[in-house]
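Trainee: The sequence shown begins at 292 in the working numbering and counts up one residue at a time.
Note that these hints are calculated values from the structure, not bench results. Given the structure is predicted, the values throughout are model-derived calculations rather than measurements. Ideal placement from N, C-alpha and C gives every residue a C-beta, glycine not left out. Fair warning: there could be bad hints in the mix.
Here are the computed distance ranges between Cβ atoms for each label pair [claimed, not checked]:
id: 1; residue 1: Ala332; residue 2: Leu362; range: 11 to 21 Å
id: 2; residue 1: His307; residue 2: Glu344; range: 36 to 46 Å
id: 3; residue 1: Ser302; residue 2: Gly349; range: 29 to 39 Å
id: 4; residue 1: His307; residue 2: Asp331; range: 36 to 46 Å
id: 5; residue 1: Arg293; residue 2: Asp335; range: 18 to 28 Å
id: 6; residue 1: Glu344; residue 2: Asp306; range: 39 to 49 Å
id: 7; residue 1: Met300; residue 2: Cys370; range: 11 to 21 Å
id: 8; residue 1: Thr345; residue 2: Glu298; range: 23 to 33 Å
id: 9; residue 1: His307; residue 2: Tyr348; range: 19 to 29 Å
id: 10; residue 1: His307; residue 2: Gly349; range: 38 to 48 Å
id: 11; residue 1: Phe315; residue 2: Gly349; range: 19 to 29 Å
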Amino acid sequence: MRRDSAELMLSAPNDHEGDTAPAFTGSLYLEVADVDALWDAVRDHARVCYTPETFAYGMREFAIYDNNGYLLQFGTPVCDDA
292 MRRDSAELML SAPNDHEGDT APAFTGSLYL EVADVDALWD AVRDHARVCY TPETFAYGMR
352 EFAIYDNNGY LLQFGTPVCD DA
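Please build the complete structure, drawing on both the sequences and the hints.
Mentor: Here it is in structure tokens:
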């Protein structure tokens, strides 16, 4: 996967690892510069888990599923002017 200057490679199990099927629990969380701009770019092309939301812990984020059903979360820190 590639966007702007960020690149992430995902691979399937290979003979050297001895695994017979992918196994992963949890999610992949990626911090991005502008979560709303990314949302606008992917919203019509992805299966959505949740739409952009600002959370009490200081992140604005959304989540989608990849083609294998894994959860990908994207977030941007929010500024607290208080």
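Trainee: Now, for every hint given, state plainly whether the structure supports it.
Mentor: Hints, verified against the model:
1. Ala332 / Leu362: 11 to 21 Å: Given range 11 to 21 Å: holds, Cβ gap about 18 Å.
2. His307 / Glu344: 36 to 46 Å: holds (41 Å)
3. Ser302 / Gly349: 29 to 39 Å: For serine 302 and glycine 349 the Cβ distance comes to about 33 Å; the hint holds.
4. His307 / Asp331: 36 to 46 Å: At roughly 40 Å between Cβ atoms, aspartate 331 and histidine 307 fall inside 36 to 46 Å, so the hint holds.
5. Arg293 / Asp335: 18 to 28 Å: At 19 Å between Cβs, range holds.
6. Glu344 / Asp306: 39 to 49 Å: At roughly 42 Å between Cβ atoms, aspartate 306 and glutamate 344 fall inside 39 to 49 Å, so the hint holds.
7. Met300 / Cys370: 11 to 21 Å: Check failed, 32 Å falls outside 11 to 21 Å.
8. Thr345 / Glu298: 23 to 33 Å: holds (28 Å)
9. His307 / Tyr348: 19 to 29 Å: violated (39 Å)
10. His307 / Gly349: 38 to 48 Å: The hint (38 to 48 Å, Cβ to Cβ) holds, given that histidine 307 and glycine 349 are roughly 41 Å apart.
11. Phe315 / Gly349: 19 to 29 Å: Cβ of phenylalanine 315 to Cβ of glycine 349: about 27 Å, so the range 19 to 29 Å holds.
When held up to the earlier numbered hints, the structure conflicts with 7, 9 and fits the remainder.
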